[in-house]
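Enquirer: Sequence:
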Amino acid sequence: MATSTPTKRAAPSSTSQRPAKKGHWSQGLLESMNDPNLIVESDERLVIIKDKYPKARYHFLVIPKINVPNLKALKREQSELLRYMQDQCHLLASKYPHVEFRYGYHAIPSMSQLHLHMISQDFDSPCLKTKRHWNSFNTKYFLDSEDVIRCLEERGMVVTMTPIAGEKLLDQPLKCHKCIYSPQNMPKLKQHLYKHINN
DNA sequence: GTTCTAGAAC
DNA sequence: GTTCTAGAAC
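The UniProt record's numbering numbers the first residue of the first sequence as 1 and each following residue consecutively.
Mimicking DSS-like on lysine-lysine, the simulated pairs with C-alpha atoms at most 30 Å apart in a straight line are:
id, residue 1, residue 2
1, K178, K190
2, K22, K72
3, K190, K95
4, K190, K175
5, K129, K195
6, K95, K65
7, K129, K52
Rather than coming from a laboratory, the hints here were simulated on the basis of the structure.
Between the sequences and the hints, there should be enough to build the whole structure, so can you do that?
Expert: Right, here's the structure in full:
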């Protein structure tokens, strides 16, 4: 009897280094923007959608309709657009008077097309699973919308960080966002988070 | 971005 | 033995 072939995982070929095509997972937001099941608000300038894998009880993405691939692509004159996006967030947040939100951008996002995260600070969600998830919203990897806008206004461009610096932040030890607790792993953090939630 | 799962950590 | 994390995915 022939032995079964061991499952080997080959090194990435050069094909995977090419820019992402339509249909690639990194282009997923462009599809979600047009998904009626996800759209919460929409006007001539932006769409607000529910994050497909929410990392908290309330997690929305604000996406401009004009093509803006990322923070680096922003020009000074587009600070007004970012302000508009933030204003629409605050308007939406007023519908949830007892919910604490933060508004910001991931420094090195995985998905193409600029998107502003609006996320409630309970972080109570089954989709929140990994240290990367946690650190992407709870370290300096999460750039406050207000700071991004100010940077664009004052310096004419958004200054973020190198991918290596980003990875370093995502790999930081876990720490609760409300107290000094530094859990050893994600299940312990998730359990601890309930102590800060007053339903 | 998620899924899957090998092997580390417990 | 079970829980948990980390890296490949063609």
